[in-house]
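Participant: Chains as they are written, first to last, in numbering that gives the first Met the number 0: chain A, 0 to 206; chain B, 0 to 382.
Heads up, some of the hints might be wrong.
What the hints assert, rightly or not - Below, a list of computed lysine-lysine pairs in the DSS-like style, where the Cα atoms sit at most 27 angstroms apart:
hint	chain 1	residue 1	chain 2	residue 2
1	B	311	A	177
2	A	177	B	312
3	A	194	B	228
4	B	35	B	11
What the hints assert, rightly or not - Some chain B residues flagged as far from chain A (calculated, every beta-carbon gap over 10 angstroms):
hint	residue
5	88
6	189
7	203
8	372
Think of the hints as simulated: they come from the structure by calculation, not from any bench.
Just so it is clear, CB atoms sit at the ideal spot from N, CA and C, and this is done for glycine as well.
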Amino acid sequence: MTESLILGLSSGSACLATCGMVMFPYLMAGSAGVKKIAVDLTLFLLTRFIVYFILATLAWYFGRTIFSNPFIRNIVPGILYIVFAVLLVWYSISKSRKPDCPAKIVKTVNNRRLIPILLGLVNSLGFCPALFIILTQGATQRTLFQSYLAFLAFFIGSSLWFLPLPLAGKIQKKEVLKNIGILATGLAGIIFMIKGLTNIIGGIING
Amino acid sequence: MDNSLKTVALRKSFGKSLLYTLPMFLITFMFITGGKPNFSDPASGLAMLTVFLLVNVLYFSMHFTGKTDKYRAILFIIFAMSLSYTLIHNMLQVRQSMSFSQADILECKIPFCHLVIPMMILPAAFTKSIIFPGSIIGGFANISSMVVLWVIATIVLGRGFCSWGCFYGGWDDGFSRLRKRRVIKNISELWKWMPFAVLIMVMLSAALTLMPTYCSWICPFKAVTEFEKVTSVESATKAGIFLSLFGGLVIALPVMTKKRTQCSFLCPLGAINSLSNKITPFTVKIDKNSCNECFKCVEVCPLFAITREDVKKGNVSLFCSKCGKCVDACSRKAIHYGIKGIPAGTMKNFSRNLFLFVSFLFMAIFSSGSIISTFQGLFKLIF
């Protein structure tokens, strides 16, 4: 759960750096005061919560089916952790990384009421390395409840970054925060790389 | 730019330097000998005398030559090596090994160091408990004395603690001086924010797990102090991590970049100390009227604290550890030690004298115990 929360907190900052400026105008546009912003933000976060809830169930179900053998249960997730963690590290340090947010799809939607829900959907299903890691995490949990906890921690960690979105215009030194967030994402990737390695070595030693 | 501007000479005459050294001489004498020099044990007496002379000769040289970093670094590096020696020596005497067991953790026998402080903050605030398995008062390297020392030093020196008080900094400072030229020259500015990312990660993970996660998983200085006994895949992974970090960030990269890479790219306490630079009275200032923008200071800064833009603006960033390398490198003495509230370019000598007295005295007092102990061991070995 701690790892998931840290992953959410670190990748959430990079997610906000990439998508915040795309989502911000749509979540705030035409809003009549704090109440409307709060409603839109709640709808956005609620959609993300529901999507993660479904993903936690699916990940755990597939994990239980695929990783039935104890040896495979250590080795395969270990390899997946390493692959996704390498992607996450690459994503955070790559100079060619372009801030391209899938949420820009909302530009094609006319119904304003649907926008926060659609943004929540696109944001939670925007298959980034962090989501792949948390899917692996959910798939390797012993019980469904533990899988929910892992996704809940990831949801809380990543959602915290969206809460001050209405104040985004007033935050100074955004570039510094963005840099720290990107580096923290890379560190989270390293944590999961080590977790993956430990899984594989443990799997080999324990047979 | 007016090249005819006179630069301030920081070097002093022999007599004046001696006069400036006198207060240091008296205070260090009191601290090192306790007011009563005891030569009943020749090795101990000789070690005390050597350290006392070393400290005062270095301080005298700072005034006499006008150079700071060279003499600071000598004591700083000796401090780092002797602290490791003292700690390892103590560990070997107490538990016959550099590694500690689970029993040592349960009995709170782990020596405390200042790098734990960032991880203690959140758990202490929420649970009113200290998450480190060390002794709070009494015993070797206890928690309270280290925290008090760090707080005082940080308020007075800011990130200066990293160059005048940290007993680990001397390791990468030493390795960064081994080569004459840099092998790796271009390092992205982005990396200097890494300690803040590490700080956030370790503070959060420590608060969530109530464990000193940086010490358990990351700290490279376990290679020269103590470490967890390798009994499982997890402890072997931990050993692999700290050894790689020590080899990479403390030895290889400082040698290749001539920068203190562990302090610049990893240390979470360095991030907190950087923020404390905002409250400390001492600072490094750039006198734009004297500066000819040669950017020598940018090149020599070991902590990426000065960029070309900073020089043009006449500011030094919050990453500055006041080591004095840029001050020594500046031929026009445009960059100098200063005191907040006093304009750049004025009272350069006064500011330097005051800063050197405070910072060097702190380092001399803080380091003398472990250096004496190391010299004592050496003398016993030789004679």
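Participant: For each hint given before, does the structure comply? Return the numbers of the non-compliant ones in rising order.
Facilitator: Result: hints 4, 6 and 7 break, sorted rising.
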